[in-house]
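> These are the residues of each chain, in order.
2 protein chains.
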Amino acid sequence: MDRYSRFLAERTGRMRASEIRELLKLTEGKDVISFAGGLPDPSTFMVDEISRIAVDVVRLHGDKALQYAPTKGVTAFRDTLAKFLTSHGVSVRDYDDIIVTTGSQEALYLVSKVLIDRSDVVIVEEPTYLAALNVFRELESRIEPVEIDDEGMRVDMLEDRLKQLQNEGVRVKLIYVNPTCQNPSGTTMSRDRRRYLLELASRYDFLIIEDDPYGYFTFDGDRVEPLKSIDREGRVVYLGTFSKILAPGLRIGWALGPMEIINVMELAKQSVDLHSSTLSQYIAMEAVKRGVVDATIERARTLYKVKRDVMLEELEQELSKLATWTKPIGGLFVFLTLKHMIDTKKLLPKAIERGVAYVPGAGFFIKRNGSNTMRLNYSYPSITQIREGVRRLAATIKEEIATTHTG
Amino acid sequence: MDRYSRFLAERTGRMRASEIRELLKLTEGKDVISFAGGLPDPSTFMVDEISRIAVDVVRLHGDKALQYAPTKGVTAFRDTLAKFLTSHGVSVRDYDDIIVTTGSQEALYLVSKVLIDRSDVVIVEEPTYLAALNVFRELESRIEPVEIDDEGMRVDMLEDRLKQLQNEGVRVKLIYVNPTCQNPSGTTMSRDRRRYLLELASRYDFLIIEDDPYGYFTFDGDRVEPLKSIDREGRVVYLGTFSKILAPGLRIGWALGPMEIINVMELAKQSVDLHSSTLSQYIAMEAVKRGVVDATIERARTLYKVKRDVMLEELEQELSKLATWTKPIGGLFVFLTLKHMIDTKKLLPKAIERGVAYVPGAGFFIKRNGSNTMRLNYSYPSITQIREGVRRLAATIKEEIATTHTG
Chain Y
0 MDRYSRFLAE
10 RTGRMRASEI
20 RELLKLTEGK
30 DVISFAGGLP
40 DPSTFMVDEI
50 SRIAVDVVRL
60 HGDKALQYAP
70 TKGVTAFRDT
80 LAKFLTSHGV
90 SVRDYDDIIV
100 TTGSQEALYL
110 VSKVLIDRSD
120 VVIVEEPTYL
130 AALNVFRELE
140 SRIEPVEIDD
150 EGMRVDMLED
160 RLKQLQNEGV
170 RVKLIYVNPT
180 CQNPSGTTMS
190 RDRRRYLLEL
200 ASRYDFLIIE
210 DDPYGYFTFD
220 GDRVEPLKSI
230 DREGRVVYLG
240 TFSKILAPGL
250 RIGWALGPME
260 IINVMELAKQ
270 SVDLHSSTLS
280 QYIAMEAVKR
290 GVVDATIERA
300 RTLYKVKRDV
310 MLEELEQELS
320 KLATWTKPIG
330 GLFVFLTLKH
340 MIDTKKLLPK
350 AIERGVAYVP
360 GAGFFIKRNG
370 SNTMRLNYSY
380 PSITQIREGV
390 RRLAATIKEE
400 IATTHTG
Chain W
0 MDRYSRFLAE
10 RTGRMRASEI
20 RELLKLTEGK
30 DVISFAGGLP
40 DPSTFMVDEI
50 SRIAVDVVRL
60 HGDKALQYAP
70 TKGVTAFRDT
80 LAKFLTSHGV
90 SVRDYDDIIV
100 TTGSQEALYL
110 VSKVLIDRSD
120 VVIVEEPTYL
130 AALNVFRELE
140 SRIEPVEIDD
150 EGMRVDMLED
160 RLKQLQNEGV
170 RVKLIYVNPT
180 CQNPSGTTMS
190 RDRRRYLLEL
200 ASRYDFLIIE
210 DDPYGYFTFD
220 GDRVEPLKSI
230 DREGRVVYLG
240 TFSKILAPGL
250 RIGWALGPME
260 IINVMELAKQ
270 SVDLHSSTLS
280 QYIAMEAVKR
290 GVVDATIERA
300 RTLYKVKRDV
310 MLEELEQELS
320 KLATWTKPIG
330 GLFVFLTLKH
340 MIDTKKLLPK
350 AIERGVAYVP
360 GAGFFIKRNG
370 SNTMRLNYSY
380 PSITQIREGV
390 RRLAATIKEE
400 IATTHTG
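Chains Y and W, in that order, are what the protein sequence lines are. Numbering-wise (numbering that gives the first Met the number 0), the first sequence opens with residue 0 and increments by one. Numbering-wise (numbering that gives the first Met the number 0), the second sequence opens with residue 0 and increments by one.
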């Protein structure tokens, strides 16, 4: 690094390799049950249908599907996407309010890049999605966390904070929320709080980034109405992805928002990657049209509901005295808080030693330290692995308590 | 725009929609022969082979090819890519010196983002690639152009400029070059100048971004040795793409450089788009292994050589008294300079009226105005269209001269 450090831009100082990520890399290929990732179960991928679609797309539309595409996305695909979203309860005014992105990570990157100036206040849920924090940090925004509970962001605390900031003469530009089956906590914002959040957005004049990767396959009850569909003032930029409802490997996400903002994102995207994979866009378009996405959603919903139930059941059996955890209605994660003040980051190598991995929660927090929390993924491991993994985790925790809290 | 302008970041002021781009959009679907794009001829795409590969990849490796991938790229693919590059005369120390990107545009974006600080001096060829200028401008670098002639960048003028800047106490961090079949000029840097450029890099301690989308299919003579293969000090970051040697729709490019820089690009990419399409990477990997890329290169070389010859021949016949132009040994473009001081930007609507489009050259220049130049693409239009298009262009120019320069 030394040789090149004099060439590196200042901002690279704000890009840090995650120790956890590096540590988890070491577990690959070993007999470690991983609750650490956020990967879909590959058995939800409709492999036969996708390969048939791939052939049709290349054979019948190869001249277009293999060619350059518009920066904003293939027009016919955006039209299909608009219909798909509408059928899933997401209000779309016009397909031109949509930009196709390289996964929803790029949607988040672009919207942040075009909205956030240095020192701008961005409010996030605490805990919140790590990759979002990284983007906001790179842009040198001032990140203000607001606690969440079982009903999502504490809008009462948000209001207090907004008032306080207003008194200090500080304007909040942006709130980033993942209101449905949140990553990492798994909680879902209630309907009342959603309405109140939009009211506050209007009153305090800020925009909302609604990140919604999981809203399409909640297990219990109906689809939760996204903020986007309640928004009457054009304050919400809605981010979505095919990663969990078709296949992550296509790398296709989108942002849906006021055209004035989407079009600036298009300009930004010209410099970033010109456009997203045309082939992936054609495949995703056909997958929507042929009902493959809806079928994948059904598969995922059924499978993940069972896996969630197994994880909750096993946690209840193994850890009810030592921890509390969230009961997600969907998504991929359970968030666990240990009753003892055990540092889950320090515990991780011991857990890996016993053959189980997780993500220590501290990284998802800004003000509170969350050092006794962890995020557990149930979508990727098999049912047997979930049972065995929770047992290994419980054994690790019990041993830690035995050695440090008594001995 | 007004409603949201108060929310937009300052940097969005530096992102401008291209008038030319908007104007050219209007020609789509009309009877206009376009020399404006930079698209490969779709007949070079090996559609049957790619669709066979797509099926195999999804059916046999669907669990991986449809899943998330490492940010730096699929490891086996980077290994294949390293061998491919080596076989094409690009020196690779280790496959871990490679990061896979969403087209080479993203490679350019990432390397610029990690190297360039505000006010850093970046030297470019004049004229140079527009999308590169946009990235450097967004990063608020100080762009210093150095003229090119038939042998590429005038390294003598570069040396003068470096001395001058050194005397002013200004250090140059970076030089961006597209030395083989340059976009837009079509010229290729001579071997002597390449060696001298590297000598200057050593003496004045700067890095070089070598953008090489066209070096794989030069028509005349052997493959030109890339700067990367002459570099002994780890000063070159080499950018490449499958867009012209397999299919642009896959959106797969790469950067090859000192691992210390590549690894910071990896960190930056985590925030930008997490990773590039896994499916595209698997398809590209198989295409390299099965010889489909090399076969595409042969197709492209044969076809584009004919097209270039036709364009040069037709220009000779139609415009030899009114213009001069470059004689590219490869790539996609001829760069034309009118002898009369006609503003090609103002001429464009008239040309479109006559059924032919091009890119006015002015946008490729920084100091010199280049208003009497234009870039002509010969890879996409058919041979008949090239002939007819040049005739329409000649007619437009002749009429312009007749009405404004005499009348």
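Do not take every clue at face value.
Identical copies look the same in the list; a pair holds intra-copy or inter-copy alike.
[Unchecked claim] Computed list of lysine-lysine pairs in BS3-like fashion (alpha-carbon distance at most 30 Å, straight line):
1. K24 / K162
2. K304 / K63
3. K63 / K29
4. K24 / K63
5. K29 / K82
6. K288 / K63
7. K24 / K288
8. K349 / K82
9. K82 / K344
10. K82 / K24
11. K288 / K397
Hints were generated in silico from the structure; no laboratory data involved.
> Run every hint past the structure and note whether it holds.
Hint-by-hint comparison with the structure:
1. K24 / K162: neither (44 Å within a copy, 47 Å between copies)
2. K304 / K63: between (39 Å within a copy, 23 Å between copies)
3. K63 / K29: Between copies only: 17 Å across, 43 Å inside.
4. K24 / K63: between (38 Å within a copy, 17 Å between copies)
5. K29 / K82: between (44 Å within a copy, 29 Å between copies)
6. K288 / K63: both (18 Å within a copy, 24 Å between copies)
7. K24 / K288: between (37 Å within a copy, 28 Å between copies)
8. K349 / K82: Classified as neither; 49 Å inside a copy, 40 Å across copies.
9. K82 / K344: Cα proximity of K82 and K344: none, with 44 Å in one copy and 40 Å across.
10. K82 / K24: Between copies only: 25 Å across, 39 Å inside.
11. K288 / K397: Classified as neither; 51 Å inside a copy, 51 Å across copies.
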